[in-house]
Amino acid sequence: MLTYIARRILQGVVVIVLISVGTFVVIRLMPGDPTYLLLGEGEIRISEEQMEAIRARWGLDRPQHEQFFIWAWNLLRGDFGDSLIRKGIPVRQMIFEAIPVTAILNVTSLALALLVAIPAGIIAGVRRNSTFDYGTAVGSTLGVALPNFWLALMLIVLFALYVPRWFGDLPLIGRIPPFGLKSWQGYILPVLVLTTEQMAVLTRVMRASTLEVLTQDYVRTAYAKGLPNMIVLVRHAVRNALLPVVTVIGFRIAFILSGTIVVETVFAIPGIGRLFTDSIFRLDYQVVQSLVVVLAVLVVVVNLLTDLTYAIIDPRIRIN
Amino acid sequence: MTTSAPAGLSQQLTATSDHRSEWSQAWRRFCANRIALGGLVVILLLALMAIFAPFISPYDPIDEIFRGMRGGSPTLAHPFGYDHLGRDLLSRVIFGSRVALLVGLLATGIAVTLGVVIGAVAGYLGSWEDTLISRVIDTLMAFPIIALLVVLAAVLGPSLVTTVVVIGVTGWARFARVVRADIMSLKATDFVTAARAVGVRDWRIIWRHLLPNVMGPIIVLATLGIGGIIILESALSFLGLGIRPPNPSWGGTLADGRAFILRFPHIAFFPGLMIVITVLAFNFLGDGLRDALDPRERD
Numbered sequence: 000m001l002t003y004i005a006r007r008i009l010q011g012v013v014v015i016v017l018i019s020v021g022t023f024v025v026i027r028l029m030p031g032d033p034t035y036l037l038l039g040e041g042e043i044r045i046s047e048e049q050m051e052a053i054r055a056r057w058g059l060d061r062p063q064h065e066q067f068f069i070w071a072w073n074l075l076r077g078d079f080g081d082s083l084i085r086k087g088i089p090v091r092q093m094i095f096e097a098i099p100v101t102a103i104l105n106v107t108s109l110a111l112a113l114l115v116a117i118p119a120g121i122i123a124g125v126r127r128n129s130t131f132d133y134g135t136a137v138g139s140t141l142g143v144a145l146p147n148f149w150l151a152l153m154l155i156v157l158f159a160l161y162v163p164r165w166f167g168d169l170p171l172i173g174r175i176p177p178f179g180l181k182s183w184q185g186y187i188l189p190v191l192v193l194t195t196e197q198m199a200v201l202t203r204v205m206r207a208s209t210l211e212v213l214t215q216d217y218v219r220t221a222y223a224k225g226l227p228n229m230i231v232l233v234r235h236a237v238r239n240a241l242l243p244v245v246t247v248i249g250f251r252i253a254f255i256l257s258g259t260i261v262v263e264t265v266f267a268i269p270g271i272g273r274l275f276t277d278s279i280f281r282l283d284y285q286v287v288q289s290l291v292v293v294l295a296v297l298v299v300v301v302n303l304l305t306d307l308t309y310a311i312i313d314p315r316i317r318i319n
Numbered sequence: 000m001t002t003s004a005p006a007g008l009s010q011q012l013t014a015t016s017d018h019r020s021e022w023s024q025a026w027r028r029f030c031a032n033r034i035a036l037g038g039l040v041v042i043l044l045l046a047l048m049a050i051f052a053p054f055i056s057p058y059d060p061i062d063e064i065f066r067g068m069r070g071g072s073p074t075l076a077h078p079f080g081y082d083h084l085g086r087d088l089l090s091r092v093i094f095g096s097r098v099a100l101l102v103g104l105l106a107t108g109i110a111v112t113l114g115v116v117i118g119a120v121a122g123y124l125g126s127w128e129d130t131l132i133s134r135v136i137d138t139l140m141a142f143p144i145i146a147l148l149v150v151l152a153a154v155l156g157p158s159l160v161t162t163v164v165v166i167g168v169t170g171w172a173r174f175a176r177v178v179r180a181d182i183m184s185l186k187a188t189d190f191v192t193a194a195r196a197v198g199v200r201d202w203r204i205i206w207r208h209l210l211p212n213v214m215g216p217i218i219v220l221a222t223l224g225i226g227g228i229i230i231l232e233s234a235l236s237f238l239g240l241g242i243r244p245p246n247p248s249w250g251g252t253l254a255d256g257r258a259f260i261l262r263f264p265h266i267a268f269f270p271g272l273m274i275v276i277t278v279l280a281f282n283f284l285g286d287g288l289r290d291a292l293d294p295r296e297r298d
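So the sequences go chain by chain: A and B.
Quick note: the first sequence uses numbering that gives the first Met the number 0, first residue 0, plus one each step.
Quick note: the second sequence uses numbering that gives the first Met the number 0, first residue 0, plus one each step.
Just to be clear, a hint being listed does not mean it is correct.
Label-pair distances were calculated between CB atoms; the ranges are [said to hold, decoys possible]:
| # | chain 1 | residue 1 | chain 2 | residue 2 | range |
| --- | --- | --- | --- | --- | --- |
| 1 | A | R126 | B | S158 | 24 to 32 Å |
| 2 | A | R126 | B | H83 | 45 to 53 Å |
| 3 | A | G87 | B | V168 | 58 to 66 Å |
Just a few of them, taken from the derived set where beta-carbon distance is under 8 Å, the chain A residues facing chain B [stated by the list, open to error]:
| # | residue |
| --- | --- |
| 4 | L17 |
| 5 | V20 |
| 6 | L74 |
| 7 | V162 |
| 8 | P163 |
| 9 | W165 |
| 10 | G167 |
| 11 | L169 |
| 12 | I260 |
| 13 | V287 |
It is worth saying that the hints were derived from the structure and are not from the lab.
C-beta atoms are modelled at their ideal positions from N, C-alpha and C, and glycine is treated no differently.
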């Protein structure tokens with residue numbers, strides 16, 4: 000078990016190093032000079048010496064590999080540097096202000112998705128070919144095919160335009176704002192969008208694994224010894240059927256982060272995703288490369304955690 | 000999911016089924032699946048629409064601007080209404096299908112080719128090549144693909160070619176993973192040992208004996224992947240890093256609609272609807288192909 004964990008951590012470190020080198024190189028290839036942008040796209044006229052001074056101040060005059068090692072070393076010490084474009088705001092501060100927003104959105108929607116997908120998948124699996132089964136099949140097929148940015152826009156039209164026009168204020172909720180997170184109501188639409196896709200995928204997985212588990216010998220044995228249906232389902236079937244869902248969540252963390260980039264942009268939410276796209280358009284090297292590494296670390300850690308959870312829940316894996 | 004074939008057809012089939020190849024059996028199974036056939040028909044219609052776009056679209060998608068009709072609602076002459084500049088939205092959506100299908104097919108083609116070659120090399124050679132390639136696959140699969148696309152598109156400058164190349168070059172990992180695993184298990188079979196024993200060269204073993212055996216799963220995976228790639232392309236255009244305006248693309252039109260979403264909601268509605276229909280069609284086709292090519296996997 001310990002060697003397994005050590006090997007996995009080592010693999011994760013390799014992945015993170017690969018990603019940071021890759022990003023650093025790719026970002027330097029971006030067209031445009033950040034010092035030029037910093038000076039209001041050439042509107043502020045300065046001499047060549049002053050330009051050089053600015054480059055030296057930010058270390059842009061050093062050789063590329065030196066820039067990389069300085070950046071990587073600072074990163075290891077937890078120093079993310081300052082934003083080049085946004086007048087010296089520490090990158091660390093920007094990222095740590097954005098993380099909680101993204102975390103709340105994604106954890107809430109994942110929890111909601113699981114809350115619906117697990118029972119729905121079980122029922123669909125147990126009552127195979129029933130109306131309920133077909134209903135969830137149609138629902139999850141649609142959920143996968145809906146682009147999240149379109150769903151987001153359509154929900155904005157529905158809840159911020161037509162619902163107030165037809166029904167006025169909703170009971171308990173009041174008015175749902177189309178953009179931003181100024182009130183708690185602002186979370187409703189983004190969470191709905193992020194939940195939809197997760198729900199669709201997880202329901203499918205849960206249904207398939209329920210079907211699989213129900214054909215196993217130990218389930219037949221449990222029925223054969225006369226246990227009531229509910230007990231067989233809860234104690235023998237569902238517990239085992241949940242395993243693939245754990246893996247899929249770990250596997251999907253990358254997709255979840257992809258989704259958050261688009262959804263935060265649509266709803267103008269100040270999270271990691273919006274920070275990322277904003278910084279790309281502003282050629283903010285420091286922010287983009289630090290964010291990419293933060294994302295990579297996040298993915299690696301989550302994958303490691305799911306694998307470990309899996310090994311703890313399922314003794315068969317520990318032995319291998 | 001499966002429906003029984005009409006009586007006449009199945010009689011015909013039993014009469015001639017003695018010499019049927021695996022592929023024609025798969026085709027028979029596929030034809031019995033109405034949903035998958037429906038998907039295929041929709042895709043063919045979309046392809047016709049894309050090819051004959053200049054003949055079908057009622058107006059010019061770029062140059063014909065109707066004055067005073069910015070964001071105008073649908074009418075009989077303009078069933079999808081006008082876009083935010085007063086151009087006919089239906090024409091723009093029709094021309095947008097060209098981008099979606101072109102990017103979907105070309106990017107998938109690049110990803111499949113790269114994935115098959117890289118996966119076959121890793122699976123056949125084993126040793127350090129396999130370790131290295133597997134790490135790269137893990138890295139690509141683990142990383143949020145949109146983030147990668149956004150960075151690459153920003154570096155290369157947004158265009159149709161960039162979009163195709165970037166999506167293709169980042170999307171091969173899933174194909175490589177499947178091919179690698181399949182090749183590894185096939186490598187241990189007797190017919191490969193026999194081929195090697197009589198002195199067949201490595202590349203010929205891969206090409207003639209191994210690859211034909213992994214084509215089924217790859218076709219299925221590729222078809223199922225096209226939908227996702229079409230969504231990626233429109234997400235990229237939506238973020239402003241895909242097809243450049245004024246050229247019509249579904250994602251780009253959606254982005255136009257986003258700015259006016261509360262005033263002219265129809266601009267974003269129609270291109271999105273087309274994306275959903277296209278993605279559903281490819282997913283249905285892919286599911287049907289999986290059932291037809293690999294009956295064991297059917298639930």
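Each hint, compared with the structure:
1. R126(A) - S158(B): 24 to 32 Å: 50 Å, violated
2. R126(A) - H83(B): 45 to 53 Å: 48 Å, holds
3. G87(A) - V168(B): 58 to 66 Å: 36 Å, violated
4. L17: L17(A) check passes; min Cβ-Cβ to chain B is 5 Å, inside 8 Å.
5. V20: Cβ of V20(A) sits 11 Å from chain B, so the hint is violated.
6. L74: Violated, about 17 Å.
7. V162: This hint is violated: V162(A) lies away from chain B, its Cβ roughly 13 Å from the closest one there, beyond 8 Å.
8. P163: 11 Å, violated
9. W165: Violated, about 14 Å.
10. G167: Violated. Min distance 17 Å.
11. L169: Nearest chain B Cβ about 18 Å off; hint violated.
12. I260: 5 Å, holds
13. V287: At about 7 Å, which falls below the 8 Å cut-off, the nearest Cβ of chain B leaves the hint on V287(A) intact, so it holds.
Checked against the numbered hints above, the structure violates hints 1, 3, 5, 6, 7, 8, 9, 10, 11; every other hint is satisfied.
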